[in-house]
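Chains as they are written, first to last, in our numbering: chain U, 1101 to 1384; chain S, 4 to 297.
The hints are simulated quantities; they were obtained by calculation from the structure and are not laboratory data.
It is possible that part of the hints are untrue.
Said to hold, decoys possible - Think about it this way: if two alpha-carbon atoms lie no more than 20 Å apart in a straight line, the pair counts; the simulated SDA-like pairs of lysine to any residue are:
#  : chain 1 : residue 1 : chain 2 : residue 2
1  : U       : Lys1115   : S       : Lys290
2  : S       : Lys111    : U       : Pro1182
3  : S       : Lys196    : U       : Gly1134
4  : S       : Lys290    : U       : Glu1258
5  : S       : Lys8      : U       : Gln1280
6  : S       : Lys104    : U       : Gln1380
7  : U       : Lys1115   : S       : Lys8
8  : S       : Lys104    : U       : Asn1107
9  : S       : Lys16     : U       : Leu1123
10 : U       : Lys1196   : S       : Lys111
11 : S       : Lys111    : U       : Trp1117
12 : S       : Lys290    : U       : Glu1192
13 : S       : Lys108    : U       : Leu1204
14 : S       : Lys108    : U       : Ile1371
15 : S       : Lys290    : U       : Gln1280
Unchecked claim - Footprint (simulated), chain S over chain U, 3 or more residues, beta carbon under 8 Å:
#  : stretch
16 : 1152-1166
17 : 1305-1316
Claimed, not checked - Anything over 10 Å on all C-beta distances counts as not near chain S; from chain U, calculated:
#  : residue
18 : Arg1108
19 : Asp1145
20 : Lys1261
21 : Ala1319
22 : Pro1328
Glycine included, C-beta positions come from ideal geometry on N, C-alpha and C.
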Amino acid sequence: MNSIQKNRLKDQLFKYWGMFSTLIGLVLLVVFIGDILIDGLGRIDWSFITNLPSRKPEKSGIYTALMGSVWILLFTAIIAIPVGVAAGVYLEEYSKKNWLSGVLEINISNLAGVPSIIYGLLGLEVFVRIMNLGASVLAGSLTLSLLILPIIIVATREAIKAVPKSIQDASYALGASKWQTIWHQILPASGGGILTGVILALSRAVGETAPLIVVGALAYVPFAPENPMDEFSVLPIQIFNWISRPQHGFIENAAAAIIILLLITFIMNGIAVYFRNKWQKKWK
Amino acid sequence: MSMRKLKEFVIEKLLFSSALITIAVTLGIIGVLGFEAVRFFSEVSVIEFFTDTQWTPLFAKKHFGILPLLTGTLLTSFIAIAVALPIGLSIGIYLSEYAPKSFRKTIKPLLELLAAVPTVVYGFFALIVVTPFLQEIIPNLSSFNSLSAGIVMGIMIIPFISSLSEDALHAVPYALREASYGMGATKFQTAFKVVVPAASSGIIVSIILAISRAIGETMIVAIAAGQQPRFTLDPTVPVETITAYIVQVSLGDVQHGSIEYRTIFAAGITLFVFTFLLNTVSYSIRKKYQQRYE
């Protein structure tokens, strides 16, 4: 074999290895979802969704955890979206290039890399202890809001950057003020991109477990929350709790609850991708 | 007109204060961790913390050596990177240099789905599927071990490496490739001798971010690696990571203000320092690299 043939062989081998690597992750994902479906699908029925947790696996349901997740999702959205979008608008439209904007930029990039459990420690000390909110829905939502803030800010900035400058110029030419231009032109034009980022960030919040455990969310809550100061559990914590139990029945429950959690996550991701595609076409 | 100016002014200040919240979060994290850690170190000597090889704050005979938690964290992260780096990088190179455009466009969002799966789900997978499977190959593998947790964590961070390195490879100007093909080089030679070196800073950033992600990952290790702090590099026995320890204490009934309570902040600040350094390094590389191509 001469060196040309050798190089061609290497080229071909790497091509197949690359294909294999690309598919192996997806194959594992399919195997793994298949396995969970086999373990858990038989366990899902209406009573599994509406039952309270119980010591007997076959009587246990996810009602309180599911409602807890809904409450947490709602309050996290209410807190994080306005603050995150506002910060993104400021950084993209108002901030001048000086030391402060540099600090803000490095800081946000760093926050995005802080492990989620550290946000849990922050929430435990500041919201649960100092602000005396206890292990409540509000304390949990505030903690998760801080966690997803960098994601929303980055998404808002990217979406605003993609809006053509001509739209802004046209608005100024008509005598609109800066805020009128942002509110009536830039935000509606970048809405699809911001929405994509917001949904992805919220989907991350729904799956978070560790920071809420640190804040003090419980594995067993007898009632669904009725106001923001109530104690709560969430779906991932319920799953974690069931995984840690020795009886086989709870493993089945965990698999069934995972199916529900994955369904929520994948639907949210699907919606986000849909909006992204629709919105990207708009500017082409 | 002045009403309008006032409104503009107030709105700008409101937006500005939203941006400032992010600074407050960082200061809050440093403040909270620092405050509790200082109180922790007033009771435990720094030398003991970094040299003692036992971590038993919840036992009657207390030892406060962070080393077992550090080795647990580094061991699981090392295994994860050993899985994710070759696969993730190969995917990045394949998608950028070999794959047809349409294939890349469909496969990228699917791969990113791997990172969207909640980590508690991966923990289930590691404990219920991967560990029993590995036990058939390695009979003396304990039911909690860092091998299985590390491998599954590696699968989770594949998209971090593949996506970011693919972006970096893709940004390399096409002229460099054409010059290489013009010399008669194969795609393989072009990829490894021209494109990868040109995109090296972006690839390094992706690897650093993946390491930082692995070190901070919590649920997979808390579920599948065990809760026994052990000063070992043996991947077949139960270990405990920094993050898993924080979860373990949070699940228990620990009094606020006690030394046990403060240990989670001492462990937390150790974790924070590690990831902060990694993130800062990756940020500065990224800044330099952006300037090179813009």
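Status of each hint after checking the structure:
A C-alpha spacing of about 32 Å is found between U:Lys1115 and S:Lys290, which places the hinted pair above 20 Å, so the restraint is violated. Distance hint between S:Lys111 and U:Pro1182 is unfulfilled; the C-alpha atoms sit about 30 Å from each other, more than 20 Å. Distance hint between S:Lys196 and U:Gly1134 is unfulfilled; the C-alpha atoms sit about 41 Å from each other, more than 20 Å. Restraint check for S:Lys290 and U:Glu1258: satisfied, since their Cα atoms lie roughly 17 Å apart, inside the 20 Å limit.
Using a Cα cut-off of 20 Å, the hinted pair S:Lys8 and U:Gln1280 holds, with the two alpha carbons roughly 12 Å apart. This hinted pair checks out: S:Lys104 and U:Gln1380 have alpha carbons roughly 17 Å apart, not beyond 20 Å. As the CA atoms of U:Lys1115 and S:Lys8 are separated by approximately 62 Å, the hinted pair breaks the 20 Å bound. Restraint check for S:Lys104 and U:Asn1107: not satisfied, since their Cα atoms lie roughly 24 Å apart, outside the 20 Å limit.
Taking the CA atoms of S:Lys16 and U:Leu1123, the gap is about 50 Å. The hint is violated against a cut of 20 Å. Between U:Lys1196 and S:Lys111, the direct Cα distance comes to roughly 35 Å. Violation of the 20 Å bound is thereby established for this hinted pair. Only pairs whose Cα atoms come within 20 Å are accepted, and S:Lys111 paired with U:Trp1117 is accepted, the gap being roughly 17 Å. Distance check on the hinted pair: S:Lys290 and U:Glu1192 sit about 18 Å apart at the alpha-carbon level, within 20 Å; holds.
Restraint check for S:Lys108 and U:Leu1204: the C-alpha separation of about 33 Å exceeds 20 Å, so the hint is violated. Proximity of S:Lys108 to U:Ile1371 is assessed by CA-CA distance (about 17 Å); at most 20 Å being required, the pair is judged to hold. Between the alpha carbons of S:Lys290 and U:Gln1280 the distance comes to roughly 33 Å, so the proposed pair goes past 20 Å and is violated. Check on the stretch 1152-1166 of chain U: 0 of its residues sit with their Cβ under 8 Å from a Cβ of chain S, so the three-residue criterion for coverage is violated.
Coverage of the stretch 1305-1316 of chain U by chain S holds [criterion: at least 3 residues with CB-CB distance below 8 Å; count 8]. At roughly 6 Å, the least C-beta separation between U:Arg1108 and chain S is not larger than 10 Å, which violates its mark as non-interface. In this structure U:Asp1145 is separated from chain S by more than 10 Å, as the shortest Cβ-Cβ distance comes to about 21 Å. No beta-carbon of chain S is positioned within 10 Å of the beta-carbon of U:Lys1261; the least distance is around 14 Å.
At the 10 Å boundary, the C-beta of U:Ala1319 falls inside the reach of chain S, the nearest C-beta of that chain being 8 Å off. Its beta-carbon lying about 20 Å from the closest one in chain S, U:Pro1328 satisfies the requirement of being farther than 10 Å from that chain.
Taken one by one, the earlier hints fail for this structure at numbers 1, 2, 3, 7, 8, 9, 10, 13, 15, 16, 18, 21, listed in ascending order.
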